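Since the structure of chain Y is already known, use the hints to place chain C on it.
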Amino acid sequence: MEEQQVIELFWQRDKQAIRETEHLYAPLLQKIAKNITFSVEDAEECVNDTYFRLWNSIPPERPMSLRNYAARITRNLAIDMYRKNHSKGRGCEMAYIAEEIDSMFGKADSRYDSLELKEIINTFLGKLDEKNRILFVRRYWMAESICELAGQFHMKESAVKMRLSRTREKFRKYLECEM
Amino acid sequence: MSGFEAMDLVEEKYLNEALGKKYRRKPAVVYWGIRGGVAAAAAAVFVIIFAGVVNCFPATAYAVSRISFLGDLARAVTLDESMRVCLEKEYAQYVGEKRRTADGDESEVCCMVVDASRVSIFFRTDVPERGKAGGGEDGQKVFEAGIQEEPGSYEYTSMVINTDAENLYEYRMDFMDKKIPEMLKFRINYYEAGKDGGEKMASHSDYTLYPDMKYARVVKTYKVNKSFYVEGQKIRIESLEIYPTQAKLLLQSDKGNTARLNDISVSLYDDKGREYKQNRNGTVGSYGEDGNLAAKWYESSYFTDTDSITAVIDGVEMIPEGKRYGKISYKDKRIDNMPDGVSVKKMALEKDGRLKIELNVPAADGKWVYIMRWEYIGKEKAGDPDVDLVVSGRGISSDGEKEGHVLSEDETNGVITGRELSIGKNPSFEETHYIPDYTEGDYQSEWLYAPMKKLEKPVTVKIK
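Protein chains in written order, with the numbering used here: chain Y, 102 to 280; chain C, 20 to 483.
Derived by calculation from the structure, the hints in this document are not laboratory data. Since the model is a prediction, treat every value here as computed from it, not as a measurement. By construction, the Cβ of each residue, glycine as well, lies at the ideal position given by its N, Cα and C atoms. It is possible that some hints are incorrect.
No farther apart than 30 Å at their CA atoms in a straight line, the calculated lysine-lysine pairs in the DSS-like style are these [claimed, not checked]:
id : chain 1 : residue 1 : chain 2 : residue 2
1  : C       : Lys291    : C       : Lys197
2  : Y       : Lys116    : C       : Lys32
3  : C       : Lys342    : C       : Lys274
4  : Y       : Lys219    : C       : Lys291
5  : Y       : Lys232    : C       : Lys291
Computed Cβ-Cβ distance ranges for the label pairs, DEER-style [unchecked claim]:
id : chain 1 : residue 1 : chain 2 : residue 2 : range
6  : Y       : Asp203    : C       : Glu377    : 41 to 51 Å
7  : C       : Arg236    : Y       : Arg120    : 28 to 38 Å
8  : C       : Lys219    : Y       : Arg154    : 31 to 41 Å
9  : C       : Asn35     : Y       : Glu258    : 46 to 56 Å
10 : C       : Gly307    : Y       : Gln117    : 47 to 57 Å
11 : Y       : Glu258    : C       : Thr97     : 41 to 51 Å
12 : Y       : Gly207    : C       : Glu308    : 53 to 63 Å
Isolated chain C, as found in the complex:
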């Protein structure tokens, strides 16, 4: 018997564990809410000029009924200007499949909008979304949508977005690497509220979808390759990638930098004076392996009559290398190098040995980002000093809210590791972490937040 064959002796329970485990994707920076406007005095920093508008996407023939359907859909999508324009321009792949479960729950996948950065699945179903229905009565149904099987090695974020039309939703997958799957198994799960307030899965509907790969090649890349200096740090704008659904401004921090680029305030304007705003529902940026901001995502100019784009930079968030990490000490109830405005509200060792850390975080400008993650730095503990990252998040409160509520939570290895609460009238944030099997001196934080610093002197670099 070879080693390969010997491995076939693995028991069912370990196969179940390995084959059945789904790990949630870590979201990149995700914004909810509206960002503040750009200072009027900001100067042009980069001008990206291209000849004419690129309007070449695969021609799709639609029957009259389909065209009117897309028009209705476009009218229902008001939160995302780029998506609305795609639908108006008929940049969509018709699906038109319906399902009905044995319990009578009906759904329909209407169409997909696909490019090299995104797959959006527009679907209808006649029950409310799970977690949004607000206290189900016994027997009430709610739904949850997602991909049934992980489609392989794709880095993506996903979410369900409401449209203005009742029961019409968008399941959005934003991909990081200009690579999208050729097949997706999309599932709508239906849950039934029980008498005890819990929910149990009642049924599901499955769709096998095939994003048209012609759409997946649609992108226009404009090389920039211009550098500028901020606070002694060198940052290069590499390129602007314009997809039908969004645009990505790609950045590169110099290897010699002594501070981590956490965020940068950049606005995009065209020669007609239109502003292309940052994405509001979904991923707005991503980080590279070096921990520096690598891309910011914006509305798209793909279908507009634009001759040039100007990038205006008026602020940066930088974390000096020496302040990037901080030792966590339960004994001293402190974490070193805490960013301005952040404080430890509570640190408590729970009965199961996990350390609960609650942080108070200052109000931000509509950003929803993780401000801290922790890592193990000890030598003992299964002899493995490897990093084990825990993701957490933060929430936003609005004026007038008096009660806290959970906005979202993230689960890793079956343990809830982050929970956001919005509290009180004044915008404030809490971020909670759980470190399992905590031992003193073996953990440090990595700070992912710094206050945004407005630039006093604009930096100007022209590209032609």
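Next comes chain Y alone, as it looks inside the complex:
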């Protein structure tokens, strides 16, 4: 079933919408949630909550991309879950990612409102070449590990780390120029 048809099912309050969403996107949502929470059980909980939130938000929402909409919900739920568990020392990979993101943004996130930050982030992404951009988004949006990214892009882990490090540095400088 196509995405728009599934969205229509949500609008018609037909519970088949949830089954179809699960059929289409469960692996992706589980992957995002597991990348962030580092726990199969927590990831499962996030994904189930995602379906619940989709049911409650569509309508009135009518997302352009159901996949991206669901993925964003899962990501946010997973981040909340990670924060809840973080003090217990779980999810070391996420701790590294969090550090990397913090080093990129510095105090910028408190100086800009969300509209300004959105403009800055997306303009910056537009300036990157495709490979670096995809690496960047997969690392800092999807929380993919270095090992997985190296496997997906047929690169050495050291090469992935180097690319990400240079992109973070570029973003930091870009942000400084904009300030």
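For chain C alone, coordinates are given in the frame of chain Y:
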């Protein structure tokens, strides 16, 4: 707002790009065609002895109808002896699911054969395979099968293999690391030929498959740990791993070696005189991170009454370190350190700034391998001297063929980077590369090919 939350401001188009991008797996060495036989005078090099045949795999209860089905399936699988034996021995996981699309395209996943090195999905569908149907008429349907979502960080190669039964196919996934996914989303896409000769996707059928993890643990490993010297280079055979579907001979090149081990001619024989041939349809070897050959894959002796295996080595392909790389020069129309028999047919700078390189490659012995890859070595260009590998391939011609045809191509970042053509009566090869945004002096080749050198003196190491 934290940095994490700020990242949620990434726009849809960049999410689409990142979430939707699929990168094809690089195949390891893949052979099509039959390799030459082993020289009769070759001496035994390694003898691997093990007590009796290991025949322990998960017991599976099949109804009478299922047993006869597997028998039929085994008779249809003639290209792969090990797979045929697995099916005869009922080493298979029954699936038996059917689908029918809204357009009426029917398919069925019959069963899976699973071990720690491979997942094979046997399926039927009533339309021909895409790319093999030979010029579709308007409205004709063809199919393409594959995994819908990448199953995570697994290194594998995949292909669709015909069986002898009409409309029955095997989707084969060969895994490198003794690790297979617990779930696979298998999809059969149906395409319809259009009036303009193009194809558009018409429908698809999805299957969620769960390889039985009991099968995924089936492997018998025999440690060898014996070294031998060839051309002054030290190579160790580490172990022999025997799976139901295939066997892997694991190799390790010494860190002090001054040449890259590209390939080695090894044959396996058992004490009954049977030869276990190299895999013919699928992956036949893999390379380690150091670029040396790390494993060769063979037919399996898992279900045979074998007491010992002998490895016979009669040839090697070595590339000296000093000859491994070569500077690419469009200005001089040359690439340094070209292997014997390889020549540049053409080098041309195209309007979009990419450099097209066509190589002539000598006839080989049924091997289909990449002979070159290129890498960026410059300092400029987005400040990133990182390696960006492009994969290409080569093809095989057979006697009597007069016209060239594309055997396969590989696509990276939306650009076709390799295309193989078979040309003419005499076996010959062409390999084509495209280097986008070429700048002089910033690129080098890495040679992945050397002529096979037969060993004059056999090296003998006995293991007991």
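Hints, one by one, checked against the model:
A distance of roughly 29 Å separates the Cα atoms of lysine 291 of chain C and lysine 197 of chain C; the hinted pair therefore holds under the 30 Å criterion. A C-alpha spacing of about 29 Å is found between lysine 116 of chain Y and lysine 32 of chain C, which places the hinted pair at or below 30 Å, so the restraint holds. Of the pairs offered as hints, the one joining lysine 342 of chain C and lysine 274 of chain C holds, with about 17 Å between alpha carbons and a cut-off of 30 Å not exceeded. With a C-alpha separation of about 71 Å, the suggested pairing of lysine 219 of chain Y with lysine 291 of chain C is violated against the 30 Å cut-off.
Note on lysine 232 of chain Y and lysine 291 of chain C: the hinted pairing is violated, with a Cα-Cα distance of about 53 Å set against a maximum of 30 Å. At roughly 50 Å, the beta-carbon separation of aspartate 203 of chain Y and glutamate 377 of chain C lies within the given 41 to 51 Å, and the hint holds. The supplied range of 28 to 38 Å is met by arginine 236 of chain C and arginine 120 of chain Y, whose beta-carbon atoms lie about 33 Å from each other. Between lysine 219 of chain C and arginine 154 of chain Y, the C-beta spacing of about 35 Å keeps the proposed range 31 to 41 Å intact.
Judged by the Cβ atoms, the range 46 to 56 Å given for asparagine 35 of chain C and glutamate 258 of chain Y is violated: they are separated by roughly 26 Å. Judged by the Cβ atoms, the range 47 to 57 Å given for glycine 307 of chain C and glutamine 117 of chain Y holds: they are separated by roughly 49 Å. A hinted range of 41 to 51 Å holds for the C-beta pair glutamate 258 of chain Y and threonine 97 of chain C, which are about 42 Å apart. In this structure the supplied range 53 to 63 Å is violated for glycine 207 of chain Y paired with glutamate 308 of chain C, their Cβ-Cβ distance being about 36 Å.
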